[in-house]
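Undergrad: Spelled out from the first residue to the last, the chains are:
Number of protein chains: 2
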Amino acid sequence: MREVFQQELREVQDRLVEISELVVTSITDATESFNESNITLAEQVIANDDKIDELAIALDELAINILARQQPVARDLRIVVSALRISANLERMGDISEHIAQLARYRFPDKVVPSSLRDTFANMGALDVEIAKKLVQLLRTQDPRLAEEIRNEDDKVDALHISVFDQVLGATWKGEAVDTVDSTLASRYHERFADHAVSIAKKVQYLATGDWIPADTPSHH
Amino acid sequence: MREVFQQELREVQDRLVEISELVVTSITDATESFNESNITLAEQVIANDDKIDELAIALDELAINILARQQPVARDLRIVVSALRISANLERMGDISEHIAQLARYRFPDKVVPSSLRDTFANMGALDVEIAKKLVQLLRTQDPRLAEEIRNEDDKVDALHISVFDQVLGATWKGEAVDTVDSTLASRYHERFADHAVSIAKKVQYLATGDWIPADTPSHH
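Top to bottom, those sequences are chains D and C.
For the first sequence, full-length UniProt numbering gives the first residue as 1, with consecutive numbering after it.
For the second sequence, full-length UniProt numbering gives the first residue as 1, with consecutive numbering after it.
It cannot be assumed that every hint is accurate.
No distinction is drawn between identical chains; accordingly, a pair holds when it is met within one copy or between any pair of copies.
[As the list claims (entries may be wrong)] With a cut-off of at most 27 Å between alpha-carbon atoms, the simulated DSSO-like pairs for lysine-lysine come out as follows:
#	residue 1	residue 2
1	Lys51	Lys174
2	Lys156	Lys111
3	Lys156	Lys174
4	Lys174	Lys133
5	Lys174	Lys202
6	Lys51	Lys202
7	Lys111	Lys174
8	Lys202	Lys111
9	Lys156	Lys133
10	Lys133	Lys202
11	Lys133	Lys51
12	Lys202	Lys156
FYI, nobody ran anything at the bench for these hints, they're computed from the structure.
The whole structure should be built from the sequences, with the hints applied where relevant.
TA: Okay, here's the thing in structure tokens:
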């Protein structure tokens with residue numbers, strides 16, 4: 001019985017890793033479709049988001065089922081409760097990737113942002129991909145250094161997010177209203193994606209320390 | 001023992017209602033500060049968000065504590081798990097109110113949106129307040145008709161959200177880039193606020209039916 005239970009807890013962890021791997025694919029393809037105006041890739045991201053949603057629901061059902069049957073306590077209970085919360089963040093990260101891909105699709109064959117902002121968005125996208133990859137490793141290993149690295153990269157995303165507004169509101173901005181809207185939304189999506197990763201990192205930390213933390217981090221814009 | 005447990009479940013429900021009442025105050029003041037450029041009210045919303053965060057964390061701790069001590073099953077387990085998830089939505093709704101108030105504060109003494117959009121935002125704000133009030137009643141009574149009403153009002157918010165983009169991207173838009181940025185962000189915040197209410201309504205429905213539902217609703221922009 002005890003062994004079955006430990007097996008189930010490993011299953012919960014494996015499924016979190018599996019979903020986070022799909023999130024890596026999703027944000028990689030979404031940012032590429034966004035930066036390169038690749039409509040095929042954008043459509044693929046949008047179509048694949050259902051898979052992330054389904055896996056998140058299935059994981060929630062497994063977690064609730066474990067709570068009902070095994071009635072875990074202490075660290076085991078924390079693992080199951082954290083999984084429920086982390087799956088919600090991962091599901092939302094998939095949604096945000098989808099939003100980025102939708103922006104690429106709306107404006108196709110045009111690019112979403114004017115040339116003056118392309119480097120900034122390429123950098124934000126690369127950071128989001130890097131953060132998602134570190135998240136997979138964090139969920140696999142619970143190594144606290146990875147949580148720290150994710151937090152540092154989130155700071156870089158926040159700085160780029162602010163720099164987008166500096167550019168859009170600066171004297172040299174030549175964009176049309178549509179460029180301003182798209183840049184604002186795209187920047188917000190990239191920033192929220194990283195916020196969710198930080199939120200997950202805090203939940204993984206809770207597994208180690210037992211200190212509960214808020215559902216979400218306040219975000220700046 | 002059984003009676004203590006039922007008392008604790010009521011406590012969980014009461015605390016959700018309490019937090020949702022603070023969210024009503026928060027969105028009421030935030031939208032008023034936004035629409036009237038009331039800096040005092042904006043500061044108040046920003047200062048009060050900590051209280052919502054604290055209560056949400058305290059509720060999570062209570063819920064986890066109940067899971068550990070009482071090891072609930074069936075509907076009791078669903079109540080506790082739902083409370084954990086609903087508190088995350090309420091906490092986020094408080095954050096979004098704060099973001100709306102922050103926009104008012106940034107632009108003070110100017111108004112955040114140009115006059116052509118003021119009616120639209122007044123309507124969106126009034127709908128968000130209405131939705132938050134219905135949420136309090138829904139959490140108090142679990143009346144499924146309220147869930148349905150919240151969903152209908154969310155549809156109205158979505159329609160206004162789309163109309164903001166129609167106006168900002170229309171031929172007659174005279175706004176500067178700053179107006180475009182603010183209108184885009186503000187509209188997104190108003191829309192996300194309502195999405196979280198719908199997400200809570202689905203979780204309340206889960207209490208009745210036992211069918212688990214995704215962490216969040218996909219949102220449009």
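Undergrad: All hints, please: hold or fail.
TA: Status of each hint after checking the structure:
1. Lys51 x Lys174: neither (40 Å within a copy, 42 Å between copies)
2. Lys156 x Lys111: within (24 Å within a copy, 31 Å between copies)
3. Lys156 x Lys174: within (25 Å within a copy, 34 Å between copies)
4. Lys174 x Lys133: neither (35 Å within a copy, 43 Å between copies)
5. Lys174 x Lys202: neither (40 Å within a copy, 44 Å between copies)
6. Lys51 x Lys202: both (25 Å within a copy, 20 Å between copies)
7. Lys111 x Lys174: both (15 Å within a copy, 24 Å between copies)
8. Lys202 x Lys111: neither (36 Å within a copy, 37 Å between copies)
9. Lys156 x Lys133: within (16 Å within a copy, 38 Å between copies)
10. Lys133 x Lys202: This pair counts as within: shortest intra-copy Cα distance 16 Å, inter-copy 31 Å.
11. Lys133 x Lys51: within (19 Å within a copy, 34 Å between copies)
12. Lys202 x Lys156: within (18 Å within a copy, 36 Å between copies)
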